[in-house]
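Residues per chain are reported as follows:
There are 4 protein chains.
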Amino acid sequence: MQRIQENFDKQAFMKTLGAEIVSIEEGKVVIACTKNNSLTQQHGFFHAGVLSSIVDSACGYAALTMMPEDADVLSVEFKVNLLRPAMADKIIATGEVLKNGRTLVVAEGIVTDESGDKIFAKMVGTMFVKRN
Amino acid sequence: MQRIQENFDKQAFMKTLGAEIVSIEEGKVVIACTKNNSLTQQHGFFHAGVLSSIVDSACGYAALTMMPEDADVLSVEFKVNLLRPAMADKIIATGEVLKNGRTLVVAEGIVTDESGDKIFAKMVGTMFVKRN
Amino acid sequence: MQRIQENFDKQAFMKTLGAEIVSIEEGKVVIACTKNNSLTQQHGFFHAGVLSSIVDSACGYAALTMMPEDADVLSVEFKVNLLRPAMADKIIATGEVLKNGRTLVVAEGIVTDESGDKIFAKMVGTMFVKRN
Amino acid sequence: MQRIQENFDKQAFMKTLGAEIVSIEEGKVVIACTKNNSLTQQHGFFHAGVLSSIVDSACGYAALTMMPEDADVLSVEFKVNLLRPAMADKIIATGEVLKNGRTLVVAEGIVTDESGDKIFAKMVGTMFVKRN
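Residue numbers (this note's numbering), protein chains in the order written: chain A, 212 to 343; chain B, 212 to 343; chain C, 212 to 343; chain D, 212 to 343.
Take the hints with a grain of salt, since some may be wrong.
Any copy will do: because identical chains look the same in the list, a pair fits if it lies in one copy or spans two.
For lysine to aspartate or glutamate, the following DMTMM-like pairs were computed, each having C-alpha atoms within a straight-line distance of at most 25 Å [what the hints assert, rightly or not]:
| id | residue 1 | residue 2 |
| --- | --- | --- |
| 1 | Lys246 | Glu217 |
| 2 | Lys301 | Asp328 |
| 3 | Lys329 | Asp220 |
| 4 | Lys341 | Asp324 |
| 5 | Lys239 | Glu307 |
| 6 | Lys221 | Asp283 |
| 7 | Lys246 | Glu325 |
| 8 | Lys329 | Asp283 |
| 9 | Lys246 | Asp283 |
| 10 | Lys246 | Glu307 |
Hints listed in this document are in silico derivations from the structure and should not be mistaken for laboratory results.
Just chain A, same shape as in the assembly (with noise of 0.2 Å):
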């Protein structure tokens, strides 16, 4: 699963984020963020931009983990659901396929605190798979 890291490691806005791969496995992907003041929204809690960008980019990730070594992913839409505000000191997104596909592939994913009791949001999305 070099490569997931590897790709990962492109993603600049990954690093603005403070996120990091927690585990990689067959069409399973978690990513977690430490708070920072930086990623804040009005009242101190992690901004639901955090929570979509990591759920998001672990959702694409665990669809990655499922396709040929020379295949790209892309999101082609994905709904979030905020479910409370996120109040943690670190946040855990962890994205699962749903449906693996040629072409497209289905994933879900939810972000939690780190004991994974809270659920901060919930999302389904699409990822379409680009075959170079």
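Given chain A, work out where chains B, C and D should sit, using these hints.
Just chains B, C and D, lined up with the frame of chain A:
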């Protein structure tokens, strides 16, 4: 529309993105974001997370323009369709209120290039009005 | 859970679809629908509109199980991902509450074949609780 | 635009809903549906499933107008925001293509009353183009 700008200025994440409010009118807010290496994905384009973050903010603030002074707005959910890679030096997110309800506001938004000719993303979302 | 069944029986459209409640528990409702020529699309499979209608209902009723007796539930929005053509004699929609809030409930659902092995559709939606 | 009408006529479910094509132009299709007791929810209004079904169809056919003769269109996903109860004798669904891609088409649609003044629902969805 002073309070929109003030609320926006409290969102540290918007500063991290280099996002700025371009215009505010009743039910419509425009936010711009200039390309910067810290905002890119693996191909050097704007990351989808940046697009989502600013268009969600534009929609949220569009909703806030129609609220009483002491109200606050929270995103309940949003869906983004990513129509093409955001190859541009500057992206413009326009959020507009579609339905202004007492408790819920539905807004839609687009992210375009500076000319407005190319649509990079389309969003529809629901905002919750918190009356204080 | 009498009132769930009663409410369901008032939905003439569920009768038109030949939909029936299979089970009701706290936070979870299952609805089944048997194939009938009147429910098909151009290739003879269940129409996506049928899948959407019953999974939205399953989610709405799942939300209603957690409400006070006199409350009513309205769908605010839902998103459906259609994973594969619904080639089956019977489809089963399962709706479950993901977040039970005072005003808003987020629920997710799937539509499967009778065995539950094949997922045809995945939904996530928001319900509004109307307290009477 | 003969083939749009022919394809529509093969969708038995559209007949069950009493839905009819009102107009077809390049990238835009309008479908109407007249109130009938078999289409209602518990309060006697059009069921959300009816709105979703016809606006998804309008969007799918809007996409099909832009395809080669032998292509077929499948809905990949759609999201519907339900803005207000559909209290009307007739509902009109208008689907329009937002982005016409080789493999994927993004379309948006609304469901209104006959005058077009009241928007009952807003949809954005993705269609997959199957070239035969």
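Evaluation of the provided hints:
no.: 1; hint: Lys246 / Glu217; in the structure: both (24 Å within a copy, 23 Å between copies)
no.: 2; hint: Lys301 / Asp328; in the structure: within (13 Å within a copy, 35 Å between copies)
no.: 3; hint: Lys329 / Asp220; in the structure: neither (28 Å within a copy, 29 Å between copies)
no.: 4; hint: Lys341 / Asp324; in the structure: between (33 Å within a copy, 24 Å between copies)
no.: 5; hint: Lys239 / Glu307; in the structure: both (4 Å within a copy, 22 Å between copies)
no.: 6; hint: Lys221 / Asp283; in the structure: within (13 Å within a copy, 37 Å between copies)
no.: 7; hint: Lys246 / Glu325; in the structure: within (12 Å within a copy, 32 Å between copies)
no.: 8; hint: Lys329 / Asp283; in the structure: between (32 Å within a copy, 23 Å between copies)
no.: 9; hint: Lys246 / Asp283; in the structure: between (30 Å within a copy, 23 Å between copies)
no.: 10; hint: Lys246 / Glu307; in the structure: within (24 Å within a copy, 31 Å between copies)
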